[in-house]
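*Asks:* Sequence:
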Amino acid sequence: MKNKTMSLLLSFIMIFSLFFDLSYQIVYAMDKGDGTRENPYKISNYSELKEFAEIVNGGHETIPQNTAACGILTNDIEGMNDDWIPIWNYSGIFDGNNKVISKLKISNYNDYIGFFGHIDNEGIVKNVSLKECDTSGNYYVGSLAGENKGIITNCKNYGNITGSNHHSGGIAGYNKGLVSNCDNYGDVNTQGSSHGGIVGDNSGTITNCHNYGVIEGSDSIGGVAGDNDGNINSCFNTGSVKGEDYIGGICGNSFFGNLMNSYNVGTVDGKYSIGGVVGHNIYGFISYCHNSQNISGNYYTGGITGWNENIITHCYNTKNVNGTYYTGGLVGWNLSSLNNSYNTGDVNVLVPSDDTYRSINGGLAGSNEGTITNCYNSGTIAGIHAGCLVGYNYNLLANSYSCGKAGQHMDGELVETNNGTMQNLYYDKTIGGIFSGTINNNGNFDNILALTTKEMTGKDCKVYESWTNFEDNWVLTDSYPVLKALTHKLEKINPKAASCTEDGNYEYYVCSYCGKYYKDEEATCEIQKDDFVLKATGHQWDKGIITKKATEKSTGIKTYTCSLCNAKKTEIIKKLSPTSTNILFANVKTYKKTGLLIKWNKVKNASGYEIYLEKYQNKKKNKAYKKVKTIKGNNTFSWKTKSLKKQTPYMIYVKAYVTKKGKKKYLQSSPRIFVFTGDTFKNYTNAKSITLKQTKLSLKKKKTFKIKAQINKIKKNKKLMPDTYVASIRYFSSNKKIASVDKKGKITAKGKGTCYIYIYSHNGITSKVKVTVK
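Note that UniProt numbering gives residue 363 to position 363 of the sequence shown, counting from 1, and the numbers run on in steps of one.
These aren't lab readings, by the way, just hints derived from the structure by calculation. Note that beta-carbon positions come from the ideal geometry of N, C-alpha and C, so glycine has one too. Check each hint, because a few of them may be wrong.
[Stated by the list, open to error] Computed spacing ranges between beta-carbons, pair by pair: (1) Y464 <-> Y506: 33 to 41 Å; (2) T524 <-> S479: 18 to 26 Å; (3) S638 <-> N605: 16 to 24 Å; (4) Y283 <-> N81: 55 to 63 Å; (5) A498 <-> K752: 54 to 62 Å; (6) C565 <-> E78: 49 to 57 Å; (7) K716 <-> N566: 52 to 60 Å; (8) N712 <-> T630: 27 to 35 Å; (9) G538 <-> V628: 50 to 58 Å; (10) K569 <-> E78: 32 to 40 Å.
[To be verified] Below, in silico cross-link-like pairs of lysine to aspartate or glutamate (DMTMM-like), each with a Cα-Cα straight-line distance of 20 Å or less: (11) K131 <-> D187; (12) K131 <-> D76; (13) K529 <-> E507; (14) K663 <-> E610; (15) K105 <-> D76.
When you get a sec, could you build the whole thing from the sequences and use the hints?
*Replies:* Here's what the structure looks like:
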């Protein structure tokens, strides 16, 4: 029967193998995780990466679509240069684990093209680099994402980006979320508009990102972002940026966006609205940005922005600005506010020889229809219609100076043509020679001065006192005044080790002008306090030693020593709880003339105590005692009674009880105590203390020892109570198996161990002898 069954099974396997390849085995990503945030899919090769994409996109054979699936790379992954299908509507967490994905072909003529086509609001992509992964598409093209609404952080792209239309970026084509700590090394070469080294079109936040690639396109081209309606903070560009209109080192066109703490060191070339930081600025706010590379354009060219309609503050340019019409060291055409900024680069004219009348150039702005305050220029300004500060001024130019040259003859005019207001403007005539505040003036003048270098420089210079809020914005130096927020006087702070109680620090530099901190002496890397502070280590205490033992009457002290600095601290040790023994003892002290203070020791597991008290009459009548007080709980071990009869003997004892299921069970009763109120009765007095000649002893088994005890009286002229009432001295053993004691104080060693022999006076005064039996 068994042979027949085996034959049928083998026949079935042979027939089945004709139709199916039994050697093929599918291993799913789900075998290495379940796709949750706690247990993401472990992706170790290209097949598993494609399978992960299938799970998210809904094309997996066995696993239902999960747009929130989470994955983590466990190896660098090399593709096969086959077409990669972008991951769509992603809302999970993809952790590259600082691994590299290479040799993907991300190419499609559709929109939203990238490793991820679309990252949703909850999606996070982090810690991954793409190499040899060129990306091309139509609209919204980026290496990591066509469109991002979530978070892209700590990612790098080394592949080139090609877009046949609008919105392409080295990291993302369109960003509505957060892109942070990302670098692009690939070139972005496109035909349409809105292209950038990091993001093509930004309405979210870009922070601490850097572009090193060449960016080329038509309109709205930027080293970081093409168009910006969001926030760009702490970014820089080193790649060249080329295009037609609205071209900027950081951002091409900023409509409602803000730019902060960012800089450009790549060349910027274009035709219309060209800027070292922003090409065209409408409602954007630009602060603490600078340009350190040459800029070239046709219409409206500036070291910071070609065209400005909002606020520019605390910005500077240090390189040459080359333009044809309306060219400025900071702004080509200014219609809003420019303040606390400076230019040290030259402004050069590229105007055709037959069209020189429109060559309007200025050290700060080619044309000003807004307000310019607290600025300076030290560059040389070329052109027929050129001013050291502004070419044409139609509004307010105030509290500014120039130590450069301007005009066809390199003379000293501050403004070529003035139709606005000029006030508190100074020019160094030692450098520029011939001076005129303006060649063509149709406006207002106030305090326009040509001064020598000596008059304009030095820490004790007085000529700037008329400027509004001069000390808030400027700092006097040995040379010309500098802007407080943009110029640094650095003090080196040497490294200091942290101690147990005081913070230390790494080496850093602090500016006495602006109060900011820097990592280097050139002030190129600003840092925050947390970046250089070494937190105090805190003490490392030892286990401590007891320097004073606690007793039932007083607290103890434990002393700890720090192993790092040898500092010491103390800890109070609580008083010891009353000692639990095998015997319940009570003792009584008189309280004034008619009161008694009764105390007893703690009995383990007791639920409470009862106090019995009766006036002594004689042995026959004192057979029963009256219960006068019940103490509930095992925390109170004393009780005071007041209104007794003075100089009268009383009999007292204490009983310990336990309550279980509502029933009271007595554990122990103390020996009876005989005591006199007021410490005397007739010719008798109470015991005060017990003196022992020996409090510790060691005996061998079966050996004996006689305790020698002396009872000390409270009243020396009185007698102790006679033994006919209660023995004046009694003996008890805490463990009779170790040592017993008779009524005369004779100890007999019984078995190995340690116990106590208690000596007990008639009124409960107690002493003890520690007995060790070997």
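*Asks:* All hints are to be evaluated individually against the structure, with a verdict given for each.
*Replies:* Each hint tested on the structure:
Between Y464 and Y506 the beta carbons are some 38 Å apart, a value that agrees with the proposed interval 33 to 41 Å. Evaluation of the 18 to 26 Å hint for T524 and S479 yields a pass: the beta carbon distance comes to about 21 Å. As the Cβ distance of S638 to N605 is approximately 20 Å, the hint placing it in 16 to 24 Å holds. The supplied range of 55 to 63 Å is broken by Y283 and N81, whose beta-carbon atoms lie about 45 Å from each other.
Restraint check, A498 to K752: a C-beta distance of roughly 57 Å satisfies the suggested window 54 to 62 Å. For C565 paired with E78, a C-beta distance near 55 Å keeps the hint of 49 to 57 Å intact. For K716 and N566, the Cβ-Cβ distance of about 54 Å falls inside the hinted range of 52 to 60 Å, so the restraint holds. Evaluation of the 27 to 35 Å hint for N712 and T630 yields a pass: the beta carbon distance comes to about 34 Å.
Between G538 and V628 the CB atoms are about 57 Å apart, so this pair conforms to the stated range of 50 to 58 Å. A beta carbon spacing of about 60 Å between K569 and E78 contradicts the range 32 to 40 Å that was offered as a hint. In summary, the hint linking K131 to D187 is supported, as the alpha carbons are separated by about 13 Å, within the 20 Å threshold. Proposed proximity of K131 and D76 is supported: the alpha carbons are some 11 Å apart, at most 20 Å.
Distance hint between K529 and E507 is fulfilled; the C-alpha atoms sit about 12 Å from each other, no more than 20 Å. Distance check on the hinted pair: K663 and E610 sit about 15 Å apart at the alpha-carbon level, within 20 Å; holds. Taking the CA atoms of K105 and D76, the gap is near 17 Å; set against the 20 Å cutoff, the hint holds.
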